[in-house]
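Student: Sequence:
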Amino acid sequence: MKYIVFILFTVMTNAAAQLMLKQGMITLGPISFEGVNPVVKLLQIVFSPWVFAGLLTFVVSMASHLYVLSKVELSFAYPFLSLAYVAVAIFAYFVFREDLNAFRIAGIGFICIGTVLIAQGGSGHAAASDAKTPIQTSELVR
Numbered sequence: 049m050k051y052i053v054f055i056l057f058t059v060m061t062n063a064a065a066q067l068m069l070k071q072g073m074i075t076l077g078p079i080s081f082e083g084v085n086p087v088v089k090l091l092q093i094v095f096s097p098w099v100f101a102g103l104l105t106f107v108v109s110m111a112s113h114l115y116v117l118s119k120v121e122l123s124f125a126y127p128f129l130s131l132a133y134v135a136v137a138i139f140a141y142f143v144f145r146e147d148l149n150a151f152r153i154a155g156i157g158f159i160c161i162g163t164v165l166i167a168q169g170g171s172g173h174a175a176a177s178d179a180k181t182p183i184q185t186s187e188l189v190r
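Note that our numbering has the sequence shown beginning at 49, numbered continuously upward.
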């Protein structure tokens with residue numbers, strides 16, 4: 049559990065990236081490739097300020113996630129990424145005035161409950177490479 053701060057940082061940067069991408073697409077408006085070179089249009093999208101910031105934030109999120117994966121079990125760390133759905137739904141409600149109806153709230157509740165159960169049931173310890181007893185080659189052959 050000592051890496052939970054890094055896991056939550058990964059979650060929040062992932063959610064922030066989604067929000068930036070959405071803001072970027074709102075700023076750009078509906079996309080159409082009619083009468084334009086698709087490569088030029090794609091470059092315009094990627095290098096628009098909000099989209100570019102969102103993509104850079106994804107890179108930070110992935111770097112953080114790689115660090116986490118070097119320290120804890122994948123089956124412990126990965127389910128926490130579902131909390132990004134929760135953060136995005138809540139922030140989208142306040143920032144973009146998106147709908148947050150009873151079904152979405154129930155889904156958010158289930159995600160939170162599931163994440164808590166996984167956190168309680170998992171060891172969260174380092175991967176097998178950090179184990180005190182190394183696996184012998186003869187054990188792998190069996």
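Just so you know, these hints were derived from the structure itself, not from any lab. Bear in mind the structure is a predicted one, so any value in this text is a computation, not a measurement. All residues carry an ideal CB built from backbone N, CA and C; glycine is no exception. Careful, some of the hints might be misleading.
Here are the simulated lysine to aspartate or glutamate pairs, EDC-like style, with alpha carbons at most 20 Å apart [unchecked claim]: (1) Lys70 with Glu146; (2) Lys70 with Asp147; (3) Lys50 with Glu146.
Label pairs and their calculated CB-CB ranges [stated by the list, open to error]: (4) Glu121 with Leu76: 20 to 30 Å; (5) Ser118 with Ile93: 46 to 56 Å; (6) Gly83 with Val164: 50 to 60 Å; (7) Phe54 with Ile161: 14 to 24 Å; (8) Phe81 with Lys50: 29 to 39 Å; (9) Val87 with Ile153: 25 to 35 Å; (10) Ala101 with Val53: 37 to 47 Å; (11) Asn85 with Phe54: 24 to 34 Å; (12) Ile153 with Val84: 22 to 32 Å; (13) Met73 with Ser130: 44 to 54 Å; (14) Val143 with Leu114: 40 to 50 Å; (15) Ala111 with Lys89: 24 to 34 Å.
Student: All hints are to be evaluated individually against the structure, with a verdict given for each.
Tutor: Right, here's what the structure says about each hint:
1. This hinted pair checks out: Lys70 and Glu146 have alpha carbons roughly 12 Å apart, not beyond 20 Å.
2. About 15 Å separates the Cα atoms of Lys70 and Asp147, which keeps this hinted pair within 20 Å; it holds.
3. With a CA separation close to 35 Å, the supplied pair Lys50 and Glu146 exceeds the 20 Å bound.
4. A hinted range of 20 to 30 Å is violated for the C-beta pair Glu121 and Leu76, which are about 40 Å apart.
5. Remark: the range hint 46 to 56 Å for Ser118 to Ile93 is contradicted by a beta-carbon distance near 33 Å.
6. As the Cβ distance of Gly83 to Val164 is approximately 52 Å, the hint placing it in 50 to 60 Å holds.
7. Look at Phe54 against Ile161: about 23 Å separates their beta carbons, and that is inside 14 to 24 Å.
8. Take Phe81 and Lys50: their Cβ atoms lie about 48 Å apart, and the range 29 to 39 Å is violated.
9. Checked against the given bound of 25 to 35 Å, the beta carbons of Val87 and Ile153, roughly 42 Å apart, lie outside it.
10. Roughly 23 Å separates the CB atoms of Ala101 and Val53, a value that falls outside the hinted 37 to 47 Å.
11. Between Asn85 and Phe54 the C-beta distance comes to about 42 Å, which lies outside the given range of 24 to 34 Å.
12. At roughly 41 Å, the beta carbons of Ile153 and Val84 sit outside the given window of 22 to 32 Å.
13. Evaluation of the 44 to 54 Å hint for Met73 and Ser130 yields a failure: the beta carbon distance comes to about 23 Å.
14. Look at Val143 against Leu114: about 28 Å separates their beta carbons, and that is not inside 40 to 50 Å.
15. Hint check: Ala111 to Lys89, Cβ distance near 29 Å, so the stated range 24 to 34 Å holds.
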